[in-house]
Amino acid sequence: MKVACSISVATPHCCEAVKEVDDDAKDYDDRLETCDCLRDMALSFKKDFNVENGAALFALCGIQTPYQISRDINCTKIIERDEDDYDEDE
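Under numbering that gives the first Met the number 0, the first residue of the sequence shown carries the number 0, and numbering increases by one thereafter.
In short, the hints are calculated from the structure, not lab data. Keep in mind that the hints are not guaranteed to be accurate.
In silico EDC-like pairs for lysine to aspartate or glutamate, Cα to Cα no more than 20 Å straight-line [what the hints assert, rightly or not]:
#1 18 <-> 79
#2 45 <-> 28
#3 25 <-> 15
#4 18 <-> 29
#5 76 <-> 21
#6 46 <-> 32
#7 76 <-> 26
#8 76 <-> 39
#9 18 <-> 28
#10 45 <-> 29
#11 45 <-> 35
#12 46 <-> 71
#13 76 <-> 28
#14 25 <-> 79
#15 76 <-> 29
#16 76 <-> 32
#17 46 <-> 28
#18 18 <-> 32
#19 18 <-> 47
#20 76 <-> 15
So the derived label-pair ranges between C-beta atoms look like this [claimed, not checked]:
#21 79 <-> 46: 28 to 34 Å
#22 11 <-> 80: 17 to 23 Å
#23 32 <-> 58: 28 to 34 Å
From a predicted model like this one, the values you see are computed outputs, not experimental measurements. Where is the CB? At the ideal position from N, CA and C, for every residue including glycine.
Working from the sequences, and respecting the hints, build out all of it.
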């Protein structure tokens with residue numbers, strides 16, 4: 000997702016990839032893992048990461064999601080459980 004590093008307009012190709020990431024996260028565990036992965040990716044970029052672009056990437060692509068590509072995001076606070084995410088035994 001180089002766009003998060005360098006430009007403020009997401010390309011159609013980038014937005015397709017971002018939408019795929021969002022669509023693949025079907026339940027709470029998937030969403031939490033995706034969020035953690037995005038945070039870890041932001042941490043790995045060091046100085047080349049543009050925080051504002053990363054945080055806005057999903058919105059730039061018109062995708063409503065709790066994710067932000069950010070170094071300091073607390074995923075357990077932003078990812079909510081849906082009713083379908085609870086097991087009957089819980």
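Item checked: Structure versus earlier hints, numbers of those that do not hold, lowest first -> 2, 6, 10, 17, 19, 20, 22 and 23
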